[in-house]
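S.K.: Residue-level listing of the chains:
Protein chains: 2
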Amino acid sequence: MLFSKFFAPTSRDTPADAKIASHILMLRSGMISQAASGIYYWLPLAVRVLDKISGIIHEEQERINSQKMYFTTIQPADLWQESGRYEAYGKEMLRLKDRKGGDFLYSPTNEEQATDVFRKYVKSYRGLPLCLYQIHWKFRDEIRPRFGVMRGREFLMKDAYSFDINFEGAKAAYMNMFRAYIKTFRRMGLTPIPVQADSGAIGGNMSHEFQILADTGESTLYYDKKLSTASDEELMIIFAVADEKYDPNTCPIPENELMVSKGIEVGHIFYFGTKYSKAMNVFVLDENGNKIYPEMGSYGIGVSRLIAAIIESSHDEKGIVWPEAVAPFDLTILNLHHKNEKCREVSQKIYDAINCNCCCSNASTKKEVLYDDREISVGEKLADADLIGIPWQILVGEKKIKNDIVELKNRKTGEVIEMSPEKIIGRFR
Amino acid sequence: MLFSKFFAPTSRDTPADAKIASHILMLRSGMISQAASGIYYWLPLAVRVLDKISGIIHEEQERINSQKMYFTTIQPADLWQESGRYEAYGKEMLRLKDRKGGDFLYSPTNEEQATDVFRKYVKSYRGLPLCLYQIHWKFRDEIRPRFGVMRGREFLMKDAYSFDINFEGAKAAYMNMFRAYIKTFRRMGLTPIPVQADSGAIGGNMSHEFQILADTGESTLYYDKKLSTASDEELMIIFAVADEKYDPNTCPIPENELMVSKGIEVGHIFYFGTKYSKAMNVFVLDENGNKIYPEMGSYGIGVSRLIAAIIESSHDEKGIVWPEAVAPFDLTILNLHHKNEKCREVSQKIYDAINCNCCCSNASTKKEVLYDDREISVGEKLADADLIGIPWQILVGEKKIKNDIVELKNRKTGEVIEMSPEKIIGRFR
Chain A
37 MLFSKFFAPT
47 SRDTPADAKI
57 ASHILMLRSG
67 MISQAASGIY
77 YWLPLAVRVL
87 DKISGIIHEE
97 QERINSQKMY
107 FTTIQPADLW
117 QESGRYEAYG
127 KEMLRLKDRK
137 GGDFLYSPTN
147 EEQATDVFRK
157 YVKSYRGLPL
167 CLYQIHWKFR
177 DEIRPRFGVM
187 RGREFLMKDA
197 YSFDINFEGA
207 KAAYMNMFRA
217 YIKTFRRMGL
227 TPIPVQADSG
237 AIGGNMSHEF
247 QILADTGEST
257 LYYDKKLSTA
267 SDEELMIIFA
277 VADEKYDPNT
287 CPIPENELMV
297 SKGIEVGHIF
307 YFGTKYSKAM
317 NVFVLDENGN
327 KIYPEMGSYG
337 IGVSRLIAAI
347 IESSHDEKGI
357 VWPEAVAPFD
367 LTILNLHHKN
377 EKCREVSQKI
387 YDAINCNCCC
397 SNASTKKEVL
407 YDDREISVGE
417 KLADADLIGI
427 PWQILVGEKK
437 IKNDIVELKN
447 RKTGEVIEMS
457 PEKIIGRFR
Chain B
37 MLFSKFFAPT
47 SRDTPADAKI
57 ASHILMLRSG
67 MISQAASGIY
77 YWLPLAVRVL
87 DKISGIIHEE
97 QERINSQKMY
107 FTTIQPADLW
117 QESGRYEAYG
127 KEMLRLKDRK
137 GGDFLYSPTN
147 EEQATDVFRK
157 YVKSYRGLPL
167 CLYQIHWKFR
177 DEIRPRFGVM
187 RGREFLMKDA
197 YSFDINFEGA
207 KAAYMNMFRA
217 YIKTFRRMGL
227 TPIPVQADSG
237 AIGGNMSHEF
247 QILADTGEST
257 LYYDKKLSTA
267 SDEELMIIFA
277 VADEKYDPNT
287 CPIPENELMV
297 SKGIEVGHIF
307 YFGTKYSKAM
317 NVFVLDENGN
327 KIYPEMGSYG
337 IGVSRLIAAI
347 IESSHDEKGI
357 VWPEAVAPFD
367 LTILNLHHKN
377 EKCREVSQKI
387 YDAINCNCCC
397 SNASTKKEVL
407 YDDREISVGE
417 KLADADLIGI
427 PWQILVGEKK
437 IKNDIVELKN
447 RKTGEVIEMS
457 PEKIIGRFR
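Chains A and B, in that order, give the protein sequences.
Counting from 37, one number per residue, gives the positions in the first sequence under our numbering.
Counting from 37, one number per residue, gives the positions in the second sequence under our numbering.
So here's chain A without its partners, still in its complex pose (with noise of 0.2 angstroms):
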């Protein structure tokens, strides 16, 4: 991609309005921009992070079965009075009537119809386990939109639903998420940490949160410091709790063992056994003839959230520092002297080789490169270069080049390194 003609709008300017780094951020570096109070355009460079972290779930998630469908964003309000939840959701669920004056909600989350489309299919215990996951867009009216993409109003999400025919399948399902999740996050270059935590309005007997660490994070954890060298088995059982949840007076961890940092909630998992189930009366044979309730469980990734949690836990005073698996681009190339034609030969040969759509380069390894070909000076390219944060930088300056030297710069140790262009091709190739 020739940054010439890509659509990153990027600033120098501090927005008044934005308080955390990652709105800060997002916002210069061309991300985002806001359409109304907690709802935001997602502009082209957020939406390859978007994708690239959306690819990863879905991965992580087709191999425990979990498998993709979409609920509707629109949904009829008559399922959530058949739960109980409608009056009960309050002023967060917007409320809407169609031309007909039927009664309506923009999903909040989507349990209700995941037990509708269950009972629509599903009669017999042949039918379990089964597990549905959907990554779309929900609303939720916070009063207080703030902090970005961080707590917004409409924002990406996945989530999950899993059933069970008794509580050993559906304690299987859960772990079988829990893991799912650990390996998501780190695949992402996170460092996640699973704290036991309350059901709150899903409702329910089981559950996790997963923060991500960032020393901006607005909850405190306190977990034991076997954790960070932890299986995925025994994370489960290792002792971290958030803020309210901790009381030094009952915390069973030796202070010495203590650990005490800063998290973002990221993720969610709830085992609800037989609430939706039993509301909404679905139930399937068992092999007798009997009636069973299927055991429930759902688990949820704010998607746009995770993004801003990112450059949370991964930023410095120039901008972003994306983790490799979740960066925009894999390298961006900078003509440091677009007038030089030296300059303009050897960045364009580097993009080529590296871009090259031919049969010899293997797709699932192809690099996707930003090649910064503008007619700006070298000081707002290093600039926006450090701001949108890239992992690789190939610098091409009119000094060094006249030796044959190109510079490859790492975003995150700052480390350069000197190199042919030969050789850098053959790195990235």
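Some hints here could point you the wrong way.
Since the list can't tell identical chains apart, any single copy or any two copies may satisfy a pair.
[Claimed, not checked] In the BS3-like style, the derived pairs of lysine-lysine whose C-alpha atoms are separated by at most 25 angstroms in a straight line are:
#	residue 1	residue 2
1	K88	K403
2	K375	K436
3	K402	K88
4	K448	K402
5	K281	K207
6	K156	K55
7	K136	K55
8	K403	K445
9	K207	K41
10	K327	K159
11	K354	K156
12	K156	K41
13	K459	K385
Because the hints were derived from the structure by calculation, they are not lab data.
Start from chain A and add chain B according to the hints.
M.R.: Using the frame of chain A, we list chain B on its own:
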């Protein structure tokens, strides 16, 4: 994917309220399920097709530098008051109020938001041309939703918006999109007919509808028979109109060169000049500091409708016949006698070999396989395979397998070829 674990609830019964082939077949094959009038759940089989279609659209948009972003589903009413369309749009627009009493609506289309994004960032002629697109959910409150997802209320749409400095630029953008659409539909195995159109509520003065040929289509198309062999360039100038625009007295094509066919509208492109940029007072400065109102166009493809349209254009009395490029799976293996050990062994072997994730397989050519391992009758398996319409069926039956023979059936032609399991693995790997 093992069919025994795949959520595709097929049915023999013809649904009472479904009148057209695509609606019947999408319900019977377990692709969609009604959540409310004109609002559908998209089950896993359908989502696989949606993703294939979206993937092709994305590739062809990227090729013309139409950049992927997301506008929002909920937008503030004031943008539409600015453009003058808020009252005019009528009851098809789903209007709503948030908790603070603000006027909002669920996007039926996004010209206003596209113009809003543009004016926030582009101030100079150097920011042009620009083309932005999204694949996103929309809502139009149809008075009589019908024909399943063909005329639903909540639907998935690709919409693009172009901005150019003058008419020549806008025309070039229009023609680029025209060609991209032809290519997009052809890649999906369809025959697109671009017909001259009125621009309706969007406004403007150059417009084409893209219809695809289907015997069950709701439009009647009249077009020059040269159209079927025309180049992309010729397509734009060859005579083709739908119903209301056809007048035998003024038709320039002699009767023996005129084709008459049924079609379904799946895309629509508009050039509307400065309609929105002037209404919303959006301008850039040219090289001499003069105000220029950008020339705009908008370009839509009904992504969810396209699934129904493809089925209308490609099915038979047994079920769907997917074009290869958009099929939910590339091939399906039917173990016809699940109690026979040899059948199980050979089916599994073929499945493992084709489904293999080892290093030797190239991700871009890897085939997606649905292995029907269910413990049901031969008849049910064959019927489901024809209903679901995966292009290739590998039949593993107890009689033939004694002689080391399996059958490869082409869903479209019905042609069956016998070959060894090894040969079939080589064919698809």
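S.K.: Run every hint past the structure and note whether it holds.
M.R.: For each hint, the structure was consulted:
no., hint, result
1, K88 / K403, "both (13 angstroms within a copy, 22 angstroms between copies)"
2, K375 / K436, "within (15 angstroms within a copy, 72 angstroms between copies)"
3, K402 / K88, "both (14 angstroms within a copy, 20 angstroms between copies)"
4, K448 / K402, "within (22 angstroms within a copy, 35 angstroms between copies)"
5, K281 / K207, "within (23 angstroms within a copy, 63 angstroms between copies)"
6, K156 / K55, "between (47 angstroms within a copy, 21 angstroms between copies)"
7, K136 / K55, "between (43 angstroms within a copy, 23 angstroms between copies)"
8, K403 / K445, "within (16 angstroms within a copy, 39 angstroms between copies)"
9, K207 / K41, "between (51 angstroms within a copy, 19 angstroms between copies)"
10, K327 / K159, "within (10 angstroms within a copy, 66 angstroms between copies)"
11, K354 / K156, "between (53 angstroms within a copy, 24 angstroms between copies)"
12, K156 / K41, "between (49 angstroms within a copy, 17 angstroms between copies)"
13, K459 / K385, "within (12 angstroms within a copy, 43 angstroms between copies)"
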